[in-house]
Amino acid sequence: MSNPHKSKNSDLPRYGMLIDLDRCVGCHTCEIACKIENDVPLGIWRSWVKEIEKGKYPDVVRSFRPTLCNHCENPICVKVCPVNAAWQREDGIVMLDPHLCVGCRYCMSACPYEVRYIHPTKGMIDKCDFCSTRVDAGLKPSCVEACPSSARIFGDLNDAKSEVAKLVATKAVSTLKPEIGTGPRVYYIGLDPATMEIKREAKLVWEK
Amino acid sequence: MGKVVFDVQYQTTLAFLISYYFYFTGLSAGSFMISTLSYGFGMEKFKPASKMGVVAAVLLLLLAPQFLLMQVGWPIKSIWNHFVYFNPLSAMSYGAFLLMLYPMNSVVYGIFMFQGNLKMTKIFGLIGIPLALAVHGYTGWILALGVARDYWNTGLMPIVFLFSAMVSGISMMILMIMVRDRFFTKEKTINHELIDSLAKLLGWLLVVDLFLVFCDYSVLLYSKLEAQEVAHFMLFGKMSFWFVIVENLIGKVIPMIIVMIPGMRKSYFWLILAALMNMAGILAMRIVTVYGGQALPLM
Ligand code: SF4
Ligand code: SF4
Ligand code: SF4
Chain A
1 MSNPHKSKNS
11 DLPRYGMLID
21 LDRCVGCHTC
31 EIACKIENDV
41 PLGIWRSWVK
51 EIEKGKYPDV
61 VRSFRPTLCN
71 HCENPICVKV
81 CPVNAAWQRE
91 DGIVMLDPHL
101 CVGCRYCMSA
111 CPYEVRYIHP
121 TKGMIDKCDF
131 CSTRVDAGLK
141 PSCVEACPSS
151 ARIFGDLNDA
161 KSEVAKLVAT
171 KAVSTLKPEI
181 GTGPRVYYIG
191 LDPATMEIKR
201 EAKLVWEK
Chain B
209 MGKVVFDVQY
219 QTTLAFLISY
229 YFYFTGLSAG
239 SFMISTLSYG
249 FGMEKFKPAS
259 KMGVVAAVLL
269 LLLAPQFLLM
279 QVGWPIKSIW
289 NHFVYFNPLS
299 AMSYGAFLLM
309 LYPMNSVVYG
319 IFMFQGNLKM
329 TKIFGLIGIP
339 LALAVHGYTG
349 WILALGVARD
359 YWNTGLMPIV
369 FLFSAMVSGI
379 SMMILMIMVR
389 DRFFTKEKTI
399 NHELIDSLAK
409 LLGWLLVVDL
419 FLVFCDYSVL
429 LYSKLEAQEV
439 AHFMLFGKMS
449 FWFVIVENLI
459 GKVIPMIIVM
469 IPGMRKSYFW
479 LILAALMNMA
489 GILAMRIVTV
499 YGGQALPLM
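Which chain is which? The protein sequence lines are A and B, in order.
Residue 194 in the numbering used here is what sits at position 194 of the first sequence, and the numbering runs on without skipping anything.
Quick note: to get the numbering used here, add 208 to the position in the second sequence (first position is 1).
A few of these clues could be false.
[As the list claims (entries may be wrong)] Subject to a maximum C-alpha distance of 35 angstroms in a straight line, what follows is the list of computed DSBU-like cross-link-like pairs (lysine-lysine): (1) B:Lys-432 x A:Lys-54; (2) B:Lys-432 x A:Lys-171; (3) A:Lys-171 x B:Lys-211; (4) B:Lys-432 x A:Lys-50; (5) B:Lys-446 x A:Lys-203; (6) A:Lys-166 x B:Lys-432; (7) B:Lys-285 x A:Lys-79; (8) B:Lys-211 x A:Lys-56; (9) B:Lys-211 x A:Lys-35; (10) A:Lys-56 x B:Lys-446; (11) B:Lys-432 x A:Lys-199; (12) B:Lys-285 x A:Lys-35; (13) A:Lys-79 x A:Lys-177.
[To be verified] Output of the computed footprint for chain A on chain B, the stretches with three or more beta carbons under 8 angstroms from beta carbons of chain A: (14) 290 to 301; (15) 431 to 437.
It is worth saying that the hints were derived from the structure and are not from the lab.
Backbone N, C-alpha and C define an ideal beta-carbon position, used for all residues, glycine too.
Starting from the given sequences, assemble the full structure and let the hints guide the process.
Dropping the structure here:
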């Protein structure tokens, strides 16, 4: 009957990310860097770049939406986890405790951003943790480090002098689905709404 | 507008095993309610259904969690962790307790009933009603509180689940009582009065159930885009065969018409057909709600 992840100390940074889509060239490097860093199995992604094409030749444009866990301020995944395996660090990083997770998948169906996945061999949930081990060692997350156009900016949102805090404060930024009230802490500049289009049809599991 | 060039497919999470789990807890809760009608509320005409109801409720509730355990990645760990690392904010947390308390109470209630101890039977029957409501209602809350999906995220969800539990439970009881009376009693005759009362009850509950579906869909269709899209997906899209035809037409409307027309209700052929169709329709409802409710990609 206990939550092993409760602590009092709150004099810590609040980590967040900004993705500047005016700089993003859609190279998918971040995706691959993440896969390598975190040993993500085939067929699943912790972070990926959704890519869409608009218009008709010769007037074609592509839009990108790099996607990862939003490390929400009010994470619904943490709220619904029956065994406190989904938890949030004081610095805002939303974590998964593999000792507690039982693989019930409730958090997966509750996350509005569909960023959690079932690890095929561990039988439990896995997701982006902002490369917490790198962050703890003073490094940037692997996707941020790998991005050739510096489109991903990571840092402490509480520190007014950090690049990410300055940009979030001065630029027109947006987050994914703010209306759900999860308070995403991954911000975007120049996010194309067409990358978030809701679909009317889906491929059903019994369809070939 | 945009054509998707690359995106990652969401792994559909809670699918068929969870649908079966919901279906069998529903049948269990439904048959428990029937069994309490006479001992708990003094509706004497339902008395011959009580013993069968409580036995069915216990057996089905032993079966139901097996599907749940097959679904989770770590079944044994999940039982342990549910008790040790309780999270009061999660609807799912309460499941482990309910899945223990409800069958235990039902067993005690059943033992007193078989012993003929009317007073104790009544007490445990009345304790069992909120437990039966909770054990099935909480499954509706699990879906409703998974806020990501508009099809689930409605206050109607627990109520819809309770009504579908009751109708499927009654249909199952009708079939079981017919089989018992016809083959396993001395008289070998079906208790017509009991079956008729159950069938009437089924009819009215189906009316309420259909009304709830209407309320739900009318709101979905006028609500925000995501809700509209999922309603279209259910009504006219790929899910429409399962939702419109199997769940609602075969599972609810036709059985309702059959049991509402006295001539048809009194014919065992039609009544058996109605009960079977309703049971199949409610199974389809579980699959449509659990799987269909999350089949559309969110972003
Ligand atoms: S994006 Fe999803 S998984 Fe990440 S913190 Fe928010 S609700 Fe949880
Ligand atoms: S799958 Fe794991 S992290 Fe997700 S809700 Fe279940 S126990 Fe919690
Ligand atoms: S690595 Fe940088 S530029 Fe390339 S897709 Fe990712 S965010 Fe965009």
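Hints, one by one, checked against the model:
For the proposed pair B:Lys-432 and A:Lys-54, the alpha carbon gap of about 24 angstroms is at most 35 angstroms, so the pair holds. Using a Cα cut-off of 35 angstroms, the hinted pair B:Lys-432 and A:Lys-171 holds, with the two alpha carbons roughly 28 angstroms apart. Under the criterion of a C-alpha separation no larger than 35 angstroms, the hint pairing A:Lys-171 with B:Lys-211 is consistent with the structure, at around 29 angstroms. Between B:Lys-432 and A:Lys-50 the alpha-carbon distance is near 23 angstroms, which keeps this suggested pair within the 35 angstroms criterion.
The straight-line distance between the Cα atoms of B:Lys-446 and A:Lys-203 is roughly 9 angstroms, inside the 35 angstroms bound, and the hint therefore holds. For the suggested pair A:Lys-166 and B:Lys-432, the alpha carbons sit about 34 angstroms apart, so the restraint of at most 35 angstroms is met. For the hint linking B:Lys-285 to A:Lys-79, the alpha-carbon distance of about 20 angstroms falls within 35 angstroms, and the restraint holds. Proximity of B:Lys-211 to A:Lys-56 is assessed by CA-CA distance (about 11 angstroms); at most 35 angstroms being required, the pair is judged to hold.
A C-alpha spacing of about 25 angstroms is found between B:Lys-211 and A:Lys-35, which places the hinted pair at or below 35 angstroms, so the restraint holds. Simply put, A:Lys-56 and B:Lys-446 have alpha-carbon atoms about 28 angstroms apart, close enough for the 35 angstroms limit, and the pair holds. In summary, the hint linking B:Lys-432 to A:Lys-199 is supported, as the alpha carbons are separated by about 13 angstroms, within the 35 angstroms threshold. With a CA separation close to 28 angstroms, the supplied pair B:Lys-285 and A:Lys-35 stays within the 35 angstroms bound.
A C-alpha spacing of about 18 angstroms is found between A:Lys-79 and A:Lys-177, which places the hinted pair at or below 35 angstroms, so the restraint holds. For the region 290 to 301 of chain B, the proposed coverage by chain A is satisfied: 11 residues have a C-beta within less than 8 angstroms of a C-beta in that chain, meeting the threshold of three. Against chain A, the region 431 to 437 of chain B contributes 3 residues with a C-beta closer than 8 angstroms to a partner C-beta. That satisfies the three-residue criterion, and the hint holds.
Going down the numbered hints, you'll see the structure goes against none, and every one checks out.
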